[in-house]
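**Student:** Given the coordinates of chain A, assemble chain B onto it according to the supplied hints.
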Amino acid sequence: MRAKRIKGIKFGLLSSKEIRKMSASRIITPDTYGEDGFPIERGLVNQHIGVIDPGLRCKTCGGRMGECPGHFGHIDLEAPVIHVGYAKLIHRILTATCRKCSRVVLGEEDRKRFLEEIKRQKERQADVGEVVKQVFREAAKSSVCMYCSEPQNLIKYDKPTTYIEIDEGGKERRLMPTDVRERLERIPDEDVFLFGMDPENARPEWMVLTVLPVPPVTARPSITLESGQRSEDDLTHKLVDIIRINQRFMENRDAGAPQLIIEDLWELLQYHVNTYFDNEIPGVPPARHRSGRPLKTISQRLKGKEGRFRGSLSGKRVNFSARTVISPDPDIEIDEVGVPEEVAKELTITVNVTERNLDVMRETLKRGKKHPGVNYVRRVDGRKIKVTESNYEALAEELDIGWRVERHIQDGDIVLFNRQPSLHRLSIMAHYVRVMPGRTFRLNPAVCPPYNADYDGDEMNLHVLQTEEARAEAKILMEVQRNIISPRFGRPIIGGIHDYITGVFLLTRGEKRFEKEKVLDILYKIDIEDLGEYGGTFESPVRSEVSGMGFEEVRLSRYWTGKQIFSMILPKQLNLQFRGKMCARCIERGEGCKKENCSREAYIVIKEGNLLCGVIDERAIGSFKGIIIDKIFRQYREEVAKVFINNVSRLAINYIKQTGFSFGISDEDLPREGKELIREEAVHEAEKKVDELIRAYEGGELETLPGRTLEETLELLIMQELAHARDDSGIIAERYLSIENPGVLMAKSGARGSMLNLTQMAACVGQQSVRGERIKRGYQGRTLPHFKPDDRSADAHGFVRSSFKDGLSPTEYFFHAIGGREALVDTAVRTSQSGYFQRRLINALQDLEVKYDGTVRETKGIVVQFKYGDDSVDPSKGEYGKVVDIDEVIREAIGVESRS
Amino acid sequence: MELKIVAGEKEEVTEELKKVGLEEGIAEHIKEDFLPAELTVTFEDLLEIPLEEAYAEDIILMLGREEKGEVKLGDIELKVNKSELSDKIKDELKKKLKVVRRKLTREKLDDIVRKVVDKYEKAKVEPREAVGIVAAQSIGEPGTQMTMRTFHYAGVGALYITLGLPRIIEIVDARKKLSTPTMKIKLLEEYAVERNKAEELAMEIEETRIRAIGKIEVSAADMSVWLSLNEKRLEERYIKREEVEEKIRGIGMDVLVEVMEDRELRIQRKKQSYHELLRLEEKVSNTLVKGIEGIRRVLVRREPSEGYVLYTEGSELKKVLRIEGVDSTRTTTNNIAEIAEILGIEAARNAIIEEMMSTLEEQGLDVDARHITLIADAMTMDGEVKQIGRHGIAGEKASVLSRAAFEVTVDNLLEAAIYGEKDELRGVTENVIVGQPIKLGTGAVELVMGSKYENQTTKRQGAKIGGTGDGKGKKRVN
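Taken in sequence, the protein lines are chains A and B. No gaps in the numbering here: position 221 of the first sequence is 221 in this note's numbering, and each next residue is one more. For this note's numbering, count along the second sequence from 1 and bump the result up by 900.
Isolated chain A (complex conformation) (with noise of 0.2 Å):
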C-alpha cells in the first residue's frame, strides 16, 4: 500500500450559495457563551460550528474535542458589501464594462484577440496578469459602449472601498455594493473570461459579499484565564461586531430610518468587515481591542515571519528533540555526540517488539527509568502505558511481542545534530549517541567548521529520528564522514583546528626523538598494531637497578622521529607531495622550488604512507584546505578518512598534553632595540613622511592624482604612509620573534591568528577607520578637543602607534573605539542581510532538479540547463577541485609527470 498523495490545490472565489450550502449553522446572536457556561445556539461559538470544550460533542459530527475539526458557519448580511482585497479589480472591472449592458467594452476583434491570449498563456501555466492589464487598459479607452451605444462615465475609486461615477455634467453619484454587484451580475460568462476569470470558479459579483463565512471555533479557540474567565479570539471579536451592526442595521432599516442613518450603518458595516479581513489598510484606523491592542484579523494571521504560512506550516515546533550548550570533547570520534544522561533519559525511539528482541526490550523494560531505559509502552490494544517506579516490573513480565516500547536512546543510536543558523546542509549532520555524565552536548572540535560552532556558550539542536527509513537516509546521506567534502568548494570542510594543528605541527617539526614509552603515550587510544621501524637508537642514562648503589649506566635505546609517529596514522599506500603553508612562493620569486631541502620543512612528501619530510601544518590536516584529508577521502572514501582525522584528533592532543603549550602576555614582549627601531625607522618615519606630505599640501607644491581632488590626494597618500608604519613594524618585530614563540607559531602553521594580530600586540596598531578612511568626525575641523583645529597629523585622526601589549593613549583608545563600533555595526548589518539574500535565493532555486535526461528543470518542467554546470559534474565528486586528475591517471599508467 502507498501512501496517498494530494495532487493538487484548486483556489477559487466562494458564491453566497456555496457559502450557505457548506454552512453548518447561520449565525444570528453575537453572544458566546451563556449563563449556564455551555455555548448558545446560533451563537458565534455553537456547537454545530465545532467544538473546543472537553466533554461536549459536535452537533454537525458527533466528534469530541480534538475529533472534530471543526465546521463553517455563516452570517447574512443585511446588505452587500465590497471585499477589500477586490477592491482594486472591481474598480477596473467596472471601468472596463458598460454601465447599461455590463458587456466588456471592447471590439469584436480585440475580444477574440484577447481571449486567444488568455488562453493560451493558461495551458502553458504562465501568468495571464499581463493580458488581463491590456484588456483593461483597452476597455478603459472607449467612452461609449459598442453593444448599446450608452455613453461610459469615470468611475473613481476611493479607498478603500468607495466608487463613486461621474456623468458628463461632473455630477458624483456614489456606487453603493448593492449598485455594484448589479453591474457584476450583468457581466456575461462568456466576457469574465476576458479578466482571466472562470465563471465557474470566479464569478465577479462574488466579490460583493451578501453572505459571509464564519470559520469554525477551532479556528478561533477562545482561551480560559486564570481567573476562570474567557478570551475570545480577535476573530470572534471581529465577528461579534458584524452580526451587532448587521442587527442594528435591519432593525433601522424596518423601522424605516432616514436614508442619511441607513448609509452610516452600511458604511459601518463595511469597515468591519473590511477589518474582518485586514486591519491594516493603509488609510483606515485599524480596529482595536478594549485594551488599544489593534486585532490581529485574517489578514494579519497569515502575513509575515510568524504568520500561518512561514510560521505554521512552511516551519513547526517538533518533538524528540533536545537543546543545550556545547563544550569539546577530543576523546570522542567525529561522528559521534556526547549527550547528557539526563537528556537521554527523556527522549525515546519507539521499538515494536518482535520475536527478535522481546529479550532484549525485557531487560531494558526491567530497567524501568534507569538510563537504558523505558518511559512507556503501548500494548497491543493501542493503550499507552507510562513507565513509573511501581510498575515497571509487572510490565516487564507482561511485554509480548506486537507492544511497542519507547526506550531512551543509548550508545550508537542515530541522531541529527544541527546549530543555527542553518545556512548550509552541513548545518545538520547525523551522529552516533554517546551517553555521557555532565549537562552539555559534547563534540569534537574538528567538527566545529561545517557547523560554525566555538565553545563560547554555543547552543546546539539535537533530533532523535523516529522511523527506520528516516535512520537509514541518515545513515546514508548525514552521517559526518559523508559529509567531510564540502558540495560548496569540493574540498574538505572537516579537519584539524586550533591545538590538533599546534599539535601535530610541533610533532613532525625537525627530528623530535621519542623513545618507546613516550612513543606509546603519545599514540594512546590510537588503534596501531605496529610501531614498525624504528629511527635509531641513542644513549640514555639509565638508574642500574641491579647494582643497587645508585650509579648510573648508560643504555641504548631505541627511538622513534615525531614523522614516524605521524606516519603511523597515514595509510599504508599513500603518496603525496605538495608545499605547506610555510612555503615562502619561491617559486613565484623565480628563486625554484628547493623541494626537499627546503629550509622551512614546507615541502611534504608522503611515500608508501611515510611522511618522509616536511612539517604537517594547516594546509595538510587543517578544516577547509587539509590535502591530506581530502586524497585519503579520494583514495580510501569516507570510513578512512574519518579514523584518520580522529587519530588525529587524539595524536595531536595527547602530544600537545605532554609538551603543554601556552601563549602569555610575556609572548608579546619585544627587546628594548626592537622596540626603538620600530619607533625610529617604521613609526617616526611614516610621521615624518606625513608631515612632509602635509607640508607640501599646505604649500601648494602637491600634485593631484588624475580624477581627485588636491584633499582626496592628501589623504589618500597619508592613508598609504601610514599603513606602511604599520607593515614595517611589523616586519621588524617579526625579526625578534621566532618560530619557538608559540604566537608566531601558531600563525604560522595556521593554527590560530595572523601575523597582523602578533604586529598589532607586540609593535603597532596602526591607522584606525571609518569607511576606508582616517577619522575625520567629531568638532569643527578636529576630530578632539585635545587636538588644534585643522591639524591634519596621525595622531590627530586615528593612527595608533602603541601596540596593545604597551597600552593604548587615551585618544588612541578613544580612536579604536571608533573602529571597533564601526565593525560591531557592520556585522550586525550583514548578518540580516546576507539571511535575506540566502532566503530569496533558496526559494528561486529550490525546485531545480537534475532529470534522469541530465537537463535541470524547474516545477514547470522548463529546462533551466542542458548540462547540469555544462558538464554534468557534480561538484563534489571531482578530484582536488577538478573534474579529473589527468596528471595522476597518466602517472600511474606509464609512471611520467605530465606537468609541462
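Be aware that one or more of the hints could be misleading.
[Stated by the list, open to error] Sample of chain B residues facing chain A (criterion: CB under 8 Å; computed from the structure):
#1 P1027
#2 A1030
#3 A1035
#4 G1043
#5 L1188
#6 K1190
#7 G1194
#8 L1221
#9 F1306
#10 E1321
Hints in this document: simulated from the structure, not taken from any laboratory. All C-beta atoms in this analysis are idealised placements derived from N, C-alpha and C, irrespective of residue type, glycine included.
**Tutor:** Frame of chain A; chain B shown alone:
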C-alpha cells in the same frame, strides 16, 4: 623534407580538404617541418572530426609521425575526440598526452583514456539531485563572511567599486542602475602599445563639460556670461577652441557668441533677464564638449600582458563600442542589463557568472563555478535577465503556496482565487506546507515492500510504508 602520401590517397585528401578550404594551410606546413607520414587513420575517421580552419594544424599533425611504432599525435587527437568527455577535459587530456607521447603505447593510450572516462562518469551528478538548493546554499552561506563596506580602493588613484555582499546582491537583483558602474575598455593593438594614443582615446571617451575646461563668470552689468577657456586643459583634452564655440552655439536658447580680443567668449541671450542669465550660465557650464555622457572618468592603466587599458567610472557600452580604437570584442562593463541589451542574453549570462566569480574571488571565497552557473542560467533562461526575488524568479513560480510563503502572502492568495489557479504541489515549499514528502533527491523514489511482508507489518504496526527492509523490498522510481 617531403610529404609521402600514397598516391591517390593524397589527391583524395587534398580534394576533401579543399572543400573545407584548407589547402593553403597544408601547403604551408608541408614546406616547413613535417616529416614523411602515412595515414593510419581511415579517411572517414578524419572527416568525423569537426573541421574548421583552425583545425588545419591538427590535421597536419595527424599526418606527421616521427618514428615507427610510436603513438602519433593523430591517434591521441582521434582517440580523445571520440571519447565521451566534456570539451574542457578533452583539451586538457590531449595537451597532457602530447607531452608524454613518446612514452605511450597504443594500449597505454587506450588505458589512460578509458580511466579518465571512468573517473568522469563517476564524477557526474546523480539524477534527482537537488542542485538548486545546493547552489543557493553555496552562495548564501559565505554571504555572512563577506564585507559590507561598499567602497574599496583598488590601488592608488583607482576607482571606487562596489564589492562584497552589496555587489552580489546587486547582481542577483538584476538592477538596471548600479551604484558604481564601470567599464574595462581594451584597445586595439596600435592604441594599446602607445601611451599617447591611449590617452587621446581616453579623452575621447571621458565626458568633458565646459566647466571643466574654463572659468565661467556671470556679468550682470552687460547681461552676459563670460567664458575664459583654460589653454592647458584644452590641450590636455585635445579640444579646439572652435569646437567649444560650436557647442555653445548649439545649445539652443538663441545664444549669441562673440570672441573678444583677450580670447574670452562672451555669451548673450536675446531674451534678457537676470533669471534667464543664470539659467544660461547653468546650461553653458553643463554643456558637453567632448566624450560620452555618463562616463565621468577614464583612467589609463598599463596591464602587464595587455598594454594600455582604459578603466571608466560610468558605463555606456553601446557608445564606447562605436569608438575607433576600442577593441569591441574584449571590452566589458559591469552593468549586466547593458550587456543583455546590447550583446544579448548569452552574453549577459556569461557576465553574471564572471561578475559573481570575481566578486567572490576578491573576497577570498571559494565557490564552485557550477553553482554560480546555475544561478546565472536560472536568471536568464527566459531570454531576459530576471531578478532573484519577488519580481523575478520567485514571483513567477507555478505554485501559489510557494509564492504565498515567500512574500506578499495575501495578495498572492487573492489573485490565485480570481484566476482559478491550481497548485500542482510539485515543489518543495508546497509539499512542506501540506505535509507530504518532497519529490527531490531520495524523496523522489519510494521503497515498496513486497506484499508478503507488507501484510505482516501492517497488521503488527499499522505502518503504511516501511518496517525494516531486509533486501527483498524493491526500489521503485516514479
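**Student:** Hint by hint, note whether the structure agrees.
**Tutor:** Quick rundown of the hints versus the structure:
{"no.": "1", "hint": "P1027", "result": "holds, 5 Å"}
{"no.": "2", "hint": "A1030", "result": "holds, 6 Å"}
{"no.": "3", "hint": "A1035", "result": "holds, 6 Å"}
{"no.": "4", "hint": "G1043", "result": "holds, 3 Å"}
{"no.": "5", "hint": "L1188", "result": "violated, 18 Å"}
{"no.": "6", "hint": "K1190", "result": "violated, 16 Å"}
{"no.": "7", "hint": "G1194", "result": "violated, 16 Å"}
{"no.": "8", "hint": "L1221", "result": "violated, 23 Å"}
{"no.": "9", "hint": "F1306", "result": "holds, 5 Å"}
{"no.": "10", "hint": "E1321", "result": "holds, 5 Å"}
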